[in-house]
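S.K.: Here is how the chains run, residue by residue.
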Amino acid sequence: MWARFARDRAASVGLAIIILFTVAAAAAHWIAPYDPTEQFFDGLTLEGAPLPPSSRFWFGSDTNGRDQFSRLLYGAQTSLLIGVLANGLAVAVGTLLGVTAGFLRGLTGAAIMRLTDLMMAFPPLLLAIALAAILKPGIGIVIVVIALVNWVQIARVIYAETTGLVNREYIEAARAMGAGPWRILWRHLLPHLVPTVIVYATLGIATTVLLEAMLSFLGRGVQPPTPAWGMMIFESQSYFLNAPWLVFVPGAAILILALAFNLVGDGLRDALDPTQRGRT
Amino acid sequence: MIGYLAGRLSASFLILVGVTIVTFGLTFLIPADPVAMIAGRTSTPQVREQIRVQLGLDQPLPVQYIAYVTRLAQGDLGRSYARKSDVGPLIASRLPPTLLLMLGAIIAELMIGIPAGLYAASRRGKTADKAAMIASFVSISTPQFVLGLSLIYVFAYLLPWAPLGGYGTFSHLVLPALTLGLAGGGWYSRMMRSSMIEVLQQDYIRTARAKGMPEWRVLLRHGMRNAILPIVAMIGLDVGIFMSGVVVVENVFGWPGIGQLMWQAIQSLDIPIIMGVTLVAAVFIVLGNLLADMIAPLIDPRIRLR
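Line order of the protein sequences matches chains A and B.
Going by this note's numbering, the residue at position 134 of the first sequence is 134; the numbering climbs one at a time, nothing skipped.
Heads up: take any position in the second sequence, counting from 1, add 280, and you land on this note's numbering.
Since the hints were made in silico from the structure, they are not lab data.
Each residue gets a CB set at the ideal place from its N, CA and C atoms; glycine is no exception.
Possibly wrong hints are sitting among the right ones.
Label pairs and their calculated CB-CB ranges [unchecked claim]:
(1) B:P395 / A:A6: 31 to 41 Å
(2) B:G355 / A:R175: 51 to 61 Å
(3) A:I256 / B:Y284: 23 to 33 Å
(4) A:P181 / B:Q339: 40 to 50 Å
(5) A:N167 / B:A408: 35 to 45 Å
(6) B:P494 / A:G106: 48 to 58 Å
(7) B:R501 / A:G106: 45 to 55 Å
(8) A:G164 / B:L517: 48 to 58 Å
(9) A:L115 / B:Q544: 27 to 37 Å
(10) B:R489 / A:I31: 52 to 62 Å
Please model the complete structure; the sequences and the hints are all you need to start from.
M.R.: Below is the structure:
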């Protein structure tokens, strides 16, 4: 499986990017040339305009005279932390509910699936905004809000997989041999679901990174002074025709990180399921 | 067929009921007390009690819910805190620009996705196919506000081909529609490609080729016409996806639709508008899904028999 993954050049590049961003985020404290919240006196022109990239400020300075490169590094912490935790929570809840619905079926299963139908009726961003507007914004709330809107898709996929599996003959054979429901669930169902969970967990991080960026661009994500890429763009939006690097640098960071997770997720899907190779 | 339609209709209705229960429930999470907001800080307990009775907040929950749904059915979505006007008419007046933008985005995504998917399928496994599929991932991974601002910078600022933003003429529509539709174009190119690859393996394609038909004709007449049907069936679902995107895109381009209304409401924490737009968006999504369910049997007769 790893050999198949490694042969996929796009996915390998994606994985390298993820590792690079993770290391940069983890080591931000040591790599970053400056404190991300420090406002430099020489970080603005005499007219108060931000500075373009230079040897002092590698990616320029922002409208408050702060170092854009340092903010970018610390922003990677925010993006990755929320991406991994919020999506991990969504995958855990989605998998649990999906398996439960597919395994038990009956009234419980129907109730869970109708709940997913209902959740699908809300646009994810609007529901997240409504929740974030009602609750107090903060990193914990952002994680919970994103998980709350993102568990639905994985629950539906896992439900479909589980219902397909429970009717297979080997499950029936296990049951005939006297295996109880817990044993069937743990030994015979969950192992088959692992590849799907891994693929959707990876693709889901891309979605989460984008959703977090949108929330933070709308001012409903993590709150200042914690740097977040979406917020960096939000803060400089009115100034960007004069200082385009303030949008392009964090924008490229969001794009590259989301793309990397999408490429790796797609590569994993191909590697874990060779019959699907090159189909979707 | 009638049974199928009745089933879809009743399912949609139940989801709409569920949607109103959720939005009703969300209003109880709002930390601000509506009575205190109306009465003011210096009000006496008697005045507050009077207002509570006037608002019906002393009634049991099911009664309050029925009253809430009755108000919704009459188009009463509450009053905006910041704008001092009714939310219903406010949203209604902002709907036409948003619908126009969505129409533009649907045209944009189909014009990008279908040719790209066709081309990739016809070059399956070759470099052009791989490049098209990576491009589709790039389009899916691009945050819409970054794309919108970049398009403004290049096509409205560096090259004066389009206005910086605003509303009114066709040239105002091009960049926002492209921004909203590009990610969908990426999805459609992937779906079109896999649908086309499936169709190209059918016997009638081999027959057409065996007749000596030119390859472009095989692809367009016999291939595309069949491969495009499952794609068309999904357009109704786009409405839901666009409902999130318009908030960002309309803000970036100064497009006066419900997305911009929502953005302004988010900045001032105008919860009645936020809830109202969320509710209207949910209704649109349910209708869009219903539309997709209605189109599906027209396209694939096998569904009618189920």
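S.K.: For the range 51 to 61 Å, tell me whether the beta carbons of G355 of chain B and R175 of chain A fit it or not.
M.R.: holds (55 Å)
S.K.: Holds or violated: the 45 to 55 Å window for the beta-carbon distance between R501 of chain B and G106 of chain A?
M.R.: holds (49 Å)
S.K.: Per the hint of 27 to 37 Å, is the separation of the Cβ atoms of L115 of chain A and Q544 of chain B within bounds?
M.R.: For Q544 of chain B against L115 of chain A, whose Cβ atoms are near 32 Å apart, the range 27 to 37 Å holds.
S.K.: Mind checking the hinted window 48 to 58 Å against the Cβ distance between P494 of chain B and G106 of chain A?
M.R.: holds (56 Å)
S.K.: Go ahead and decide if the range 48 to 58 Å is satisfied by the Cβ distance of G164 of chain A to L517 of chain B.
M.R.: With Cβ atoms ~23 Å apart, the hint is violated.
S.K.: Looking only at beta-carbon atoms, does the pair P395 of chain B, A6 of chain A fall within the given range of 31 to 41 Å?
M.R.: This hint holds: roughly 33 Å between Cβ atoms.
S.K.: Can you tell me whether the CB distance of R489 of chain B to I31 of chain A sits inside 52 to 62 Å?
M.R.: holds (58 Å)
S.K.: Please test the hint of 35 to 45 Å on the beta carbon pair from N167 of chain A and A408 of chain B.
M.R.: holds (41 Å)
S.K.: Does the beta carbon distance between P181 of chain A and Q339 of chain B stay inside 40 to 50 Å, or does it fall outside?
M.R.: holds (45 Å)
S.K.: Does the Cβ pair I256 of chain A, Y284 of chain B satisfy 23 to 33 Å?
M.R.: Since the Cβ atoms of I256 of chain A and Y284 of chain B sit about 45 Å apart, the hinted range of 23 to 33 Å is violated.
In summary, the numbered hints that this structure violates are 3 and 8.
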